[in-house]
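Turn these sequences into a full structure, and let the hints steer you where they fit.
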Amino acid sequence: MKTSLSGRIGSHLAAYGSTALFLLPVYILINLSIRPVGDLTPAFIPSSHATLDNFVNAWTQSSLPGAIVTSIFVTVAACAVVIVFATMAAYPLARSTSRLSNATFYLFMVGLLLPFQLGLLPLYFQMRDLGLLGNPLSLVVVYAGVQMPFSIFLITTFLRTGVPLEYEEAARMDGCSNLGAFWRVVVPLLRPVIGTCVILNGVSIWNDFFTPLIYLAGGQQVTIPMAIYQFVGQYSSNWPLIFASLIISMIPVLALYLVFQRYVIQGFAGGLKG
Amino acid sequence: MPETVRRTRMRSLRSPARSLWWLAIPAAIVYLYVVLVPTAQGAYFSFTDWIAGGGAPNWVGLDNFVAVFAGDAGAAAGRTFAIALIVVVIQNVVGLGLALLLNGRIAGRNVLRTIVFAPMVVSALVVGYLFKYIFGPPGSGGVNAVLALLGAPQVDFLGDPTLAMGVIILTIVWQFTGSTMVIYLAGLQGVPEEVNEAAAIDGAGYWKRFWYVTRPLLAPAITINLMLSLIGGLKIFDQIFAVTNGGPGGQTKTISLMIYEYFSLFGYYGKAAALAVVLAVAIGVLSFVQFSVLRRQERQS
Chain A
1 MKTSLSGRIG SHLAAYGSTA LFLLPVYILI NLSIRPVGDL TPAFIPSSHA
51 TLDNFVNAWT QSSLPGAIVT SIFVTVAACA VVIVFATMAA YPLARSTSRL
101 SNATFYLFMV GLLLPFQLGL LPLYFQMRDL GLLGNPLSLV VVYAGVQMPF
151 SIFLITTFLR TGVPLEYEEA ARMDGCSNLG AFWRVVVPLL RPVIGTCVIL
201 NGVSIWNDFF TPLIYLAGGQ QVTIPMAIYQ FVGQYSSNWP LIFASLIISM
251 IPVLALYLVF QRYVIQGFAG GLKG
Chain B
1 MPETVRRTRM RSLRSPARSL WWLAIPAAIV YLYVVLVPTA QGAYFSFTDW
51 IAGGGAPNWV GLDNFVAVFA GDAGAAAGRT FAIALIVVVI QNVVGLGLAL
101 LLNGRIAGRN VLRTIVFAPM VVSALVVGYL FKYIFGPPGS GGVNAVLALL
151 GAPQVDFLGD PTLAMGVIIL TIVWQFTGST MVIYLAGLQG VPEEVNEAAA
201 IDGAGYWKRF WYVTRPLLAP AITINLMLSL IGGLKIFDQI FAVTNGGPGG
251 QTKTISLMIY EYFSLFGYYG KAAALAVVLA VAIGVLSFVQ FSVLRRQERQ
301 S
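Protein chains in written order, with our numbering: chain A, 1 to 274; chain B, 1 to 301.
One thing to keep in mind: the hints can contain errors.
Unchecked claim - Facing chain B, a subset of chain A residues (Cβ under 8 Å, in silico):
hint: 1; residue: 51
hint: 2; residue: 68
hint: 3; residue: 95
Claimed, not checked - Computed far set for chain B versus chain A, every beta-carbon distance over 12 Å:
hint: 4; residue: 58
hint: 5; residue: 69
hint: 6; residue: 75
hint: 7; residue: 97
hint: 8; residue: 112
hint: 9; residue: 153
hint: 10; residue: 249
FYI, nobody ran anything at the bench for these hints, they're computed from the structure.
Values in this document were obtained by computation on a predicted structure and should not be read as measured data.
C-beta atoms are modelled at their ideal positions from N, C-alpha and C, and glycine is treated no differently.
Below is the structure:
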């Protein structure tokens, strides 16, 4: 469609201007983190004596190095459990039309509405009795359950609308067992929706703070948001040092995001649209 | 009758899935253990006097609910609702505006989309600390440094309950507008260019075209975005915990923050559970009402 030159300039100005507003906090974050402690020039003015000392100090004085390992373990383990179990469950739930199967599906969907805080409190005592408080394994268990309904919803919807029955039928005619048809024919077709599940579950588990705040309190092993929380508590007004720790904590997830940004954005748009 | 029998048999013959019902068992066990059973227990505990270090909990009926609302839970519920409402409005207006802007012919629009969406993938706690510094007290905050430089009076943003709420809302909007925008962008893909052009040839201006062509086609995206931002706003915890921790004087506390305080700091398990029940019911009722209203409008347009 033809638009006037002034209109095009206007929309470019608006687009770049609003994006710049979004970047302003990030600029302050970086600008302050490369500044020597005690340099009190206003945060908007570019730092004149840039240094990486804060990053070195944040890395050595915080529990971030161990926390990154813990966060990776928790996120990968919980994602794996959720996706394997949800894929297995979604197949019969999507294909069977029996009343029991429908009821089971709706029972899972109830979980989308229940706020996790309510169950999190009694589960705390379950974990205590199992001796798992302060142990990242407790987080894997919690996330596996909390994320299950949404993943089942996504995969079931995808199976019903995007995977025709004919493939399974053909596989069976070729002598495939039931399980073989599921594993060799259906699962490979689920790749797009499994990608969406990995992204949505991964981001929310990686960034979750409420659960570790309750389950890992007092423990030695912490996740990244917990490490940040402890570090901020320790150095409450040393903002350059804190900002360096914030940047370190953001690097893994931002790097992955920039590499896979197309898939991440599509995953969010498609998955949440569900 | 034979017809239906044959069709059912055909269906079960066609998909091997029916004999694989047992594949759902692991997911069901995890879900029961982590979600359903503890939630039911939590609902039960909300009617008991269970506290940390106390004996076996006793049934006390609605006492916890009465007690928390006699305290500051009423005010906290009001604030939670206010935050959710304001966030819903701002996030959707800004998100839709950005989506329309970045759906147009803008050079490098993919880069701009990537930037606006980026805050969504980082931790809300980290974003909270960043904004806590920016709106810090006179003498140390980022905005106040600029005010000082300009010779303007400095403002204690987080020391004033209303301004502190504004900062919390800004923090949420900054982080989540990108995801709202992305969902609107996906919705805009469904608006055919030809329809828009035809309307333009018929002399419809930009706003007219938006209202009569784009908006009805965006209806599903609007429903999802309003639902997501409402639920997100009602559950909000990390940002408040980081920016104000409920202060000043407890005047930015929300229900989520009170649940945490009752549970972890005071050990009032029964009361914490009662607040969680209140939050659950509020989220359920409000989402249901919103969803039915929006669905009806969707069908009309």
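Taking the hints in turn, this is what the structure says about them:
Because the beta carbon of residue 51(A) sits about 19 Å from the nearest beta carbon in chain B, more than 8 Å, this interface hint is broken. Interface hint at residue 68(A): violated, since its Cβ lies 13 Å from the closest Cβ of chain B, which is beyond the 8 Å cut-off. With 8 Å as the threshold, the beta carbon of residue 95(A) comes within range of chain B, its nearest partner Cβ sitting at about 3 Å, so the hint holds. The beta carbon of residue 58(B) is kept farther than 12 Å from every beta carbon of chain A, the shortest such distance being approximately 17 Å.
Distance check for residue 69(B) against chain A: the nearest CB is about 18 Å away, which clears 12 Å, and the non-interface claim stands. Non-interface call for residue 75(B) relative to chain A: holds, since the shortest CB-CB distance, roughly 19 Å, exceeds 12 Å. For residue 97(B), the non-interface assignment is contradicted: its Cβ lies about 8 Å from the closest Cβ of chain A, within the 12 Å cut-off. Separation of residue 112(B) from chain A is inadequate, the least Cβ-Cβ distance of about 5 Å not exceeding the 12 Å criterion.
The non-interface label for residue 153(B) is consistent with chain A: the shortest C-beta to C-beta separation is roughly 16 Å, beyond 12 Å. Distance to chain A confirms residue 249(B) as a non-interface residue, since its nearest Cβ pair spans about 19 Å, more than 12 Å.
When held up to the earlier numbered hints, the structure conflicts with 1, 2, 7 and 8 and fits the remainder.
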